[in-house]
Amino acid sequence: MDLIKHVTLEKTLVLDIETVPIVSSFQELSPRMQELWTEKSDRLSKFEKEDKPPGEMFERAGIYSEFGKIVCISAGFFRKEDDEYHFRVTSYYGDDEKDLLQRFGELLMSHFPSSNTFLCGHNSKEFDFPYISRRMVINQVELPECLDVSGRKPWETG
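Residues in the sequence shown are numbered from 1 upward in steps of one, following our numbering.
Hints in this document: simulated from the structure, not taken from any laboratory. Every clue listed holds true.
Simulated restraints on C-beta separations: (1) Ser-25 to His-111: 37 to 47 Å; (2) Ser-25 to Asn-139: 15 to 25 Å; (3) Glu-35 to His-6: 40 to 50 Å; (4) Asp-42 to His-6: 44 to 54 Å.
All residues carry an ideal CB built from backbone N, CA and C; glycine is no exception.
Construct all of the structure, not just a fragment, from the sequences and the given hints.
As structure tokens, then:
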């Protein structure tokens, strides 16, 4: 419980993302991406002991940042006014992932510009934060400092 004593609500950002496969079907992938997904689905089949063809497994592609994209980021944060906390939620959504990521990045850089921002969400350290970061790199969107964990030890990333 000592950890929570050091958390400042005004520096806390709660978020969740929604993802989908980058295209609607396996057949729509480029030949190279089909080859890469086939390799990925073969490894998944062995691990999960399922024998499904790559096309059938493609519905799960959205959870892998190399084969998926973000269609919605919802972010909530606290603001203190007149000694009361107010929780504000905003959502960035749409089919233009680069625009969505740029707008979300602007929120982070303007309201949460430092690395001491406390990011939180369900399983976000394992899924949401790395996924957002990878998709920002893929889309050539500037990575905000609070998401940039390069050079940090795992225990220094929150």
